[in-house]
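The opening position of the sequence shown corresponds to residue 1 in my numbering, with each subsequent residue numbered one higher.
Simulated from the structure, these hints should not be mistaken for laboratory data. From a predicted model like this one, the values you see are computed outputs, not experimental measurements. Ideal Cβ positions, reconstructed from N, Cα and C, are used throughout, including at glycine. Mixed in with the good hints there might be a few duds.
[Stated by the list, open to error] Pairwise CB distance ranges, derived in the manner of DEER restraints:
1) Leu85 with Ile15: 22 to 28 Å
2) Glu76 with Leu96: 28 to 34 Å
3) Thr31 with Arg79: 50 to 56 Å
4) Phe11 with Thr31: 16 to 22 Å
5) Leu30 with Phe95: 30 to 36 Å
6) Tyr130 with Leu27: 16 to 22 Å
7) Ala176 with Ile97: 42 to 48 Å
8) Gln169 with Thr28: 18 to 24 Å
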Amino acid sequence: MSNSIFLLTSFVASIILVWTGRFPQALTILTGIDIAAASPFFCAFRAVFGRISQNLALLCIGLVSIDRFLITSRNERCRRLLTKLRATLIVTILFLIYLAISIEDAISYYWARSCKSPNTPFAYTQFVSYFSWVVTFGVPLILITIFSLFTWQNLRFSVQGRRNRLQQQVNRMMFAQFEFVLFERTTKPANE
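Build the full structure now, drawing on both the sequences and the hints.
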């Protein structure tokens with residue numbers, strides 16, 4: 001199923017986010033060695049793939065809610081709209097878009113000695129900040145809200161006998177998705 005592609009991508013992106021964000025901080029606290037400042041390659045890798053994984057992890061959760069809506073549709077064409085190949089293509093295109101936006105950081109961070117990017121233009125940093133905030137927080141929450149309600153509506157009208165059980169499961173799924181996105185976004189510092 002296509003939702004497995006989105007969930008796997010979200011999982012891998014979350015793991016990369018942990019390894020590029022929290023692991024270097026823990027290593028610095030434990031050993032006193034700042035791996036980001038010591039290695040220009042890791043600094044550039046962290047700048048690019050940390051941001052990409054942060055944006056991609058939550059957006060894929062939103063794409064899962066779209067997939068659930070399409071699967072529960074009464075229209076046969078809608079149920080077959082999102083295949084594994086199309087899901088892989090969507091994830092690849094999103095990754096390439098994020099990579100194209102973040103490549104400036106890779107170049108700037110690679111040549112900076114202290115893992116700070118002094119050469120990045122102000123307009124670019126503003127764009128990346130707002131883009132990341134909208135894509136990381138706004139879009140997934142809107143997708144989850146809209147398509148979870150549509151999924152719930154599809155299930156309510158399509159299944160009469162098992163309606164209560166399915167509605168309870170969808171309600172739990174909707175609340176879990178809301179809680180995941182809100183918790184994940186509100187536990188991050190404002191400067192990330």
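Quick rundown of the hints versus the structure:
The hint said 22 to 28 Å for the Cβ distance between Leu85 and Ile15, and at roughly 24 Å that hint holds. Checked against the hint of 28 to 34 Å, the pair Glu76 and Leu96 passes, with Cβ atoms roughly 32 Å apart. Range check, Thr31 to Arg79: Cβ separation about 53 Å, and the 50 to 56 Å hint holds. Against the hinted window of 16 to 22 Å, the Cβ-Cβ separation of Phe11 and Thr31 comes to about 28 Å, which falls outside the hint.
For Leu30 paired with Phe95, a C-beta distance near 32 Å keeps the hint of 30 to 36 Å intact. Here the CB-CB span from Tyr130 to Leu27 is close to 31 Å, at odds with the stated 16 to 22 Å. Roughly 28 Å separates the CB atoms of Ala176 and Ile97, a value that falls outside the hinted 42 to 48 Å. Between Gln169 and Thr28 the beta carbons are some 43 Å apart, a value that contradicts the proposed interval 18 to 24 Å.
Violation of the numbered hints given earlier is confined to hints 4, 6, 7 and 8; the remaining hints are satisfied by the structure.
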